[in-house]
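S.K.: For reference, the chains in residue letters:
Number of protein chains: 2
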Amino acid sequence: MKKILLLGSTGSIGVNTLNVVREFPDEFEVEAITANSNVGLLLDQINEFNPKFAVIRDKSKKAELQELVGAKCKILSGDEGLIEVTKYCEYDILLSALVGFAGLAPTIEGIKRGKRIALANKETLVVAGELVIDLCKKHNAELLPVDSEHSAIFQALIGESQKEIRRIILTASGGPFLNTSKDEFDSVTVEQALDHPNWSMGSKITIDSASMMNKGLEVIEAHWLFNLGRDKIDVVIHPQSIIHSMVEFCDSSIKAQLSVPDMKLPIQYALSYPNRFTSNFIQTDFVKIGSLTFFEPDLNKFKCLQLAFDAMQEGGTAPCILNAANEIAVDKFLKGEIKFSYIPKMISHAIESINNHKSPDLETIFECDRQTRDFATKFKFGEEV
Amino acid sequence: MKKILLLGSTGSIGVNTLNVVREFPDEFEVEAITANSNVGLLLDQINEFNPKFAVIRDKSKKAELQELVGAKCKILSGDEGLIEVTKYCEYDILLSALVGFAGLAPTIEGIKRGKRIALANKETLVVAGELVIDLCKKHNAELLPVDSEHSAIFQALIGESQKEIRRIILTASGGPFLNTSKDEFDSVTVEQALDHPNWSMGSKITIDSASMMNKGLEVIEAHWLFNLGRDKIDVVIHPQSIIHSMVEFCDSSIKAQLSVPDMKLPIQYALSYPNRFTSNFIQTDFVKIGSLTFFEPDLNKFKCLQLAFDAMQEGGTAPCILNAANEIAVDKFLKGEIKFSYIPKMISHAIESINNHKSPDLETIFECDRQTRDFATKFKFGEEV
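First to last, the protein sequences are chains A and B. Take 9 as the starting number for the first sequence in the numbering used here and just add one per residue. Take 9 as the starting number for the second sequence in the numbering used here and just add one per residue.
I should point out that these hints are in silico values taken from the structure, not numbers from a laboratory. Among the hints, erroneous ones may be present.
It does not matter which identical chain is meant; a pair holds if it fits inside one copy or across any two.
What the hints assert, rightly or not - Here are the simulated lysine-lysine pairs, DSBU-like style, with alpha carbons at most 30 Å apart:
#1 Lys-272 <-> Lys-240
#2 Lys-296 <-> Lys-190
#3 Lys-366 <-> Lys-190
#4 Lys-11 <-> Lys-272
#5 Lys-343 <-> Lys-190
#6 Lys-120 <-> Lys-347
#7 Lys-353 <-> Lys-60
#8 Lys-296 <-> Lys-343
#9 Lys-388 <-> Lys-296
#10 Lys-69 <-> Lys-296
#11 Lys-296 <-> Lys-171
#12 Lys-11 <-> Lys-171
#13 Lys-366 <-> Lys-353
#14 Lys-296 <-> Lys-10
#15 Lys-145 <-> Lys-340
#16 Lys-145 <-> Lys-309
#17 Lys-70 <-> Lys-145
All values derive from a computational prediction rather than experimental measurement.
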């Protein structure tokens with residue numbers, strides 16, 4: 009019986025994680041769950057899964073929630089609440105599914121306790137990869153990817169030697185704008201950007217998929233997770249999202265992991281590893297699928313992907329700046345404040361304007377994140393764009 | 009430095025094995041090679057690879073060959089010669105690439121010596137699977153598949169648990185007659201049947217690919233190699249032959265092994281396992297490939313595949329009868345003596361006419377093979393067809 013601390017239980021990954029837990033009541037129990045502000049869903053989850061602790065990040069809702077659940081579950085709140093459960097609660101697996109930079113600090117607390125980290129929060133590795141990998145080694149924490157692409161690579165590497173990797177091939181659906189011309193990026197709407205062809209996900213990651221920044225963040229995540237340089241990471245557009253990613257070995261043999269898209273699969277694997285649990289929620293019928301296609305990604309059109317490759321190669325706090333500027337830009341796009349095409353422009357400006365620090369410590373990363381958010385929030389597009 | 013005994017050095021697999029050995033002169037040396045009757049190529053191979061022994065199966069050519077090579081290489085001949093090198097010569101790996109039933113006896117000698125068996129001769133497992141697997145266990149011999157499909161499954165299973173296999177999916181190119189209607193099977197020519205779209209192979213296996221008997225034999229081979237029943241073996245048509253086969257696990261995750269088709273890859277893997285040796289002979293470019301497609305195999309059209317599934321389920325000597333009748337039928341087709349559509353008919357007649365023996369010993373298998381060949385050789389298509 010494995011105890012799970014689920015950070016971000018009301019998001020898409022969180023809900024799917026609880027769907028997996030529901031299927032395996034003899035394998036997993038939920039020790040604590042956390043949500044940003046969705047009291048209604050959090051309450052339902054508390055009533056169904058009976059965690060000992062729950063965190064509502066929005067402090068104004070703590071009292072209301074504690075009254076609703078009564079004594080059976082202790083309610084904490086705020087960022088301190090997240091840190092507190094991660095630091096003191098009893099668990100075997102930390103499933104880190106917070107959105108964005110906010111996932112970093114609590115995930116690090118789980119790492120320091122040497123727990124298994126099932127990582128859906130890619131920003132943890134994007135902004136602090138070097139530091140996080142070092143901490144995992146130091147504290148003997150096991151890092152298991154939940155992203156379908158990284159789970160695919162992880163699975164393809166089971167029993168293989170890291171030294172024999174020639175390259176990894178991250179597949180990308182290409183998102184809703186795969187066949188939209190670059191010129192139209194000035195006029196695409198929020199609704200169009202949120203209409204992902206294959207995956208049903210939260211709004212931040214769906215916009216990142218539309219800009220291909222999501223693939224860019226995944227490139228940086230893969231760089232740290234599998235210890236691979238730029239020359240060993242390729243991206244290929246695969247609109248069907250059936251091949252979740254591939255590894256090519258030094259002998260030219262390629263291994264891939266496949267299935268119809270369903271996040272429950274990589275979530276379950278990160279929980280059950282090294283075992284696989286019998287589960288029939290997916291039926292992959294290749295005859296019905298019929299055809300798998302592949303295209304070169306257009307880095308001139310999807311500038312965010314190119315920016316991510318560049319930030320990865322630059323290293324230091326460049327990925328942190330990239331990520332923070334992107335979070336603000338996506339937020340502004342979702343609010344209708346900027347055009348879709350301004351997302352990469354805002355990121356470029358931030359990277360050009362903010363100092364890069366090599367091998368940053370955690371404090372420097374937090375400072376860089378704050379500084380970038382401040383820069384991007386205040387930034388006005390003028391004649392220079 | 010691994011010593012190789014290469015049974016069948018002048019065939020397609022044999023030549024490709026020597027291509028691999030040529031690339032890794034510090035890893036492999038050739039201890040002995042064998043050929044049916046191609047003295048010219050065998051002589052070239054002796055001169056290049058300097059084996060201590062060579063076998064020419066055609067006894068009439070032994071003296072000529074011994075004179076040509078002089079004292080540097082001992083020439084043996086006949087089936088006894090094959091048995092003799094396998095029994096007494098010094099080697100680490102037996103690469104078994106003889107064509108058809110003839111591969112069984114010498115392969116068993118290698119197994120009895122507890123060697124690594126790199127198995128290209130699928131008939132060894134088709135006709136004597138139960139016995140061969142038992143012998144491998146008893147003598148601690150390592151059985152590594154060389155067929156691209158089985159190598160793919162073997163690679164997909166590295167580090168995974170056999171108990172967690174839900175099914176394997178053998179891919180099949182569909183051969184030259186994928187889009188030929190069943191009615192035309194009466195009139196297709198030998199040249200058409202020998203024109204395989206993806207693989208350059210010997211004539212026997214190429215005809216088997218055209219009839220899909222090759223896939224049928226592979227199904228039976230996989231049944232023994234991976235210890236899986238009928239309900240766990242699927243076949244899907246994949247005309248590009250890029251995905252060499254797949255394994256679906258109990259959690260619905262699928263792993264595949266891929267590359268542009270080149271037999272050097274699975275051969276090299278069977279030699280280098282558990283390591284992978286750096287080799288650049290293949291470049292798999294998914295963008296250039298563009299599309300991978302999948303179709304249901306038509307078992308009504310490709311009757312040989314259905315017959316193989318049936319023989320596997322019947323067990324005993326049924327696969328031996330299937331194989332022997334097929335060898336004779338293919339030979340007759342290649343000689344222009346029977347129509348392509350008569351191949352499955354001849355096999356059906358043999359299976360219906362010859363007694364099946366359950367759990368046969370080696371002697372029973374040899375006797376069944378002889379009896380079937382005799383039956384099929386004499387068989388005349390009359391009104392009953």
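S.K.: Would you mind marking each hint as holding or not holding in the structure?
M.R.: Hints, one by one, checked against the model:
no.	hint	in the structure
1	Lys-272 <-> Lys-240	both (28 Å within a copy, 23 Å between copies)
2	Lys-296 <-> Lys-190	between (32 Å within a copy, 23 Å between copies)
3	Lys-366 <-> Lys-190	neither (34 Å within a copy, 68 Å between copies)
4	Lys-11 <-> Lys-272	within (18 Å within a copy, 48 Å between copies)
5	Lys-343 <-> Lys-190	within (22 Å within a copy, 61 Å between copies)
6	Lys-120 <-> Lys-347	neither (41 Å within a copy, 72 Å between copies)
7	Lys-353 <-> Lys-60	neither (45 Å within a copy, 69 Å between copies)
8	Lys-296 <-> Lys-343	neither (39 Å within a copy, 40 Å between copies)
9	Lys-388 <-> Lys-296	neither (49 Å within a copy, 43 Å between copies)
10	Lys-69 <-> Lys-296	neither (48 Å within a copy, 55 Å between copies)
11	Lys-296 <-> Lys-171	between (37 Å within a copy, 27 Å between copies)
12	Lys-11 <-> Lys-171	between (34 Å within a copy, 25 Å between copies)
13	Lys-366 <-> Lys-353	within (24 Å within a copy, 74 Å between copies)
14	Lys-296 <-> Lys-10	neither (37 Å within a copy, 46 Å between copies)
15	Lys-145 <-> Lys-340	neither (38 Å within a copy, 65 Å between copies)
16	Lys-145 <-> Lys-309	neither (38 Å within a copy, 58 Å between copies)
17	Lys-70 <-> Lys-145	neither (36 Å within a copy, 64 Å between copies)
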